[in-house]
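So the chains spell out like this:
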Amino acid sequence: MSMKVLLLAEHDGNTLNPSTARALACANGLGGEVHVVVFAASAGDVANAAAQLEGVAKVLTVERAENGVPLAAVLAPQIAALADGYDAVLAPSTTFGKDVLPRAAALLGAPQVSDIMEVVDAGARSFRRPMYAGNAIVDVKVPEGVKIIGTVRTASFQAAAEGASAAPIEAVSVAAELPSHSEYIGLATQQSERPDLQSAPRVVSGGRGVGSEENFRVIFSLADKLGAAVGASRAAVDAGYVPNDMQVGQTGKIIAPDLYLAIGISGAIQHVTGIKDAGIIVAINKDPEAPIFEIADYGLVGDLFTLLPELETAIG
Amino acid sequence: MKILVTVKRVIDYNVRVQVKRDGSGVETDGVKMSVNPFDEIAVEEALRLREAGVASEVVVASIGSADCQQQLRTALAMGADRAILVRADDIDMQPLYAARTLLKLVEKEAPGLVITGKQAIDDDCNQTGQMLAALWGRPQATFASELKVDGDSATTVREVDAGLETIRVQLPAVVTTDLRLNEPRFVKMPDIMKAKRKPLEEIALADLGVEAPPGLETLTYAPPPQRSRGEMVEDVPTLVSALKSRGVL
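Going down the list, the protein sequences come from chains A and B.
In terms of my numbering, the first sequence is residues 1 to 316.
In terms of my numbering, the second sequence is residues 1 to 249.
The hints are simulated quantities; they were obtained by calculation from the structure and are not laboratory data.
Please note: incorrect hints may appear among the correct ones.
Label pairs and their computed distance ranges (CB to CB) [what the hints assert, rightly or not]: (1) E310(A) to P225(B): 31 to 37 Å; (2) R82(B) to E183(A): 30 to 36 Å; (3) R82(B) to G44(A): 39 to 45 Å; (4) P223(B) to A122(A): 20 to 26 Å; (5) Y184(A) to S228(B): 29 to 35 Å; (6) E66(A) to S241(B): 52 to 58 Å; (7) S221(A) to A212(B): 52 to 58 Å; (8) A188(A) to M189(B): 39 to 45 Å; (9) D45(A) to V31(B): 47 to 53 Å.
Stretch by stretch, here's where chain B covers chain A in the computed footprint (C-beta under 8 Å, at least three residues) [to be verified]: (10) 39–49; (11) 67–75; (12) 120–133; (13) 159–166.
Note that the Cβ used here is the ideal one computed from N, Cα and C, for glycine as well.
Generate coordinates for the entire structure from the input sequences, incorporating the hints supplied.
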């Protein structure tokens, strides 16, 4: 029996978020027909981008004014209604997916698999996921006859590539009563010319060792030299050096760049959980006993304020 | 207004969790148990709302064995007014089951606000608050780092991937807490003594008439693949040439 899979697209109204292509790789691993659904006020560009992705059989658009902002209470009843014709419903395990999917799952009376790292066996409906901040990895099975509902840990999957031909796009209407008890006020975002932290192939992160908001310029400078995104440990965020959307770790962003530079970061388990899937980890810290060195591919002990300018020069 | 806060008993966050050799679970024998840290933030936020005169009563609730009394007493020592333990012994209490159970308490207590941790640090599911809100048919404000209650609505700043999002929800509503919402208070010895005399009601899960939902079957537990320690390099030129040879520079 081939599965029908519904994947929830994440977007900001204009651009398809890269987390969608990563979640799609997981959806494709279920071995069925994958439909991507775009809830939006106007789905045009986002739907076109989704249609380009390899393995998408069809893009569904649900356009209505209320879908112009991402409110879980508004989206969940529509997802639940649409889920009727599907065996599985997936969403990326971003704050968007984590917010909306459990609400839809509850309406469907089905359990949710959070943070899928791997489809262990699609036929056996088994999935791998982390628990205890990644200190235990469990295989769970969705019982027969129950819809598979899951959020996909994006760092565990390579983004699906663009396919040779575009999938058809179909506008659908969903019969669901939408509540008016939730109101979207706005989003405060840091404008940045730098690459996106969650999809950048290179990331430079600073920790408490950087010492101040002003000192963080050495991190930004190195990142710019490398064309890298900038991250931070929770300690640096809590100390107010940088805004919270730069936080890497269990309670921040979980990332998997090809190259990760941890500068002045001690390496608390919370932080390490966020970078476990990175290709190569480099740690620079003045404390030779810092736990970050236990997991780093390359460690360099010394003063970051001396070493970073040296590094910038050496990169050329 | 009454606030209902959920409190989950979990392995203390300072404990390095070990998977049992036979893959049947994680080691809990002799391991320190605590209030889920996100729930502690939820309790603190409720207490601050009471202290600000917004809330009149803070009720804490847990689901589980008699051992959960310890965590409820901790919440009472922080300042919660009373506690409810839904006794569920030897039951695999997954998020949807917990949400259905909490819905029964919500119907019984009629709180104006339910505050829960955004996730429990054992299963890391991040589902229960959202599921409760769905079943209750009320708004949700997840990952809150700021909460202002004004009459019959609450305005919440939420930590989302793109930055800080603000939403306003009509009460009653479910709010789930992120780390930066507050810093929980330190519990003093006299408060622990006082908490022993505060009411702690026990209700048997069976008496609530909760329909058990389908749950996930856990097949195996395994330790995570370890990243091994790499090499320490002497200086920047050595580092750069190593990174170049690995093709990442």
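We went through each hint and held it up to the structure:
no. : hint                           : verdict
1   : E310(A) to P225(B): 31 to 37 Å : holds, 33 Å
2   : R82(B) to E183(A): 30 to 36 Å  : holds, 33 Å
3   : R82(B) to G44(A): 39 to 45 Å   : violated, 54 Å
4   : P223(B) to A122(A): 20 to 26 Å : holds, 25 Å
5   : Y184(A) to S228(B): 29 to 35 Å : violated, 46 Å
6   : E66(A) to S241(B): 52 to 58 Å  : holds, 56 Å
7   : S221(A) to A212(B): 52 to 58 Å : holds, 57 Å
8   : A188(A) to M189(B): 39 to 45 Å : holds, 42 Å
9   : D45(A) to V31(B): 47 to 53 Å   : holds, 51 Å
10  : 39–49                          : violated (count 0)
11  : 67–75                          : holds (count 3)
12  : 120–133                        : holds (count 5)
13  : 159–166                        : violated (count 0)
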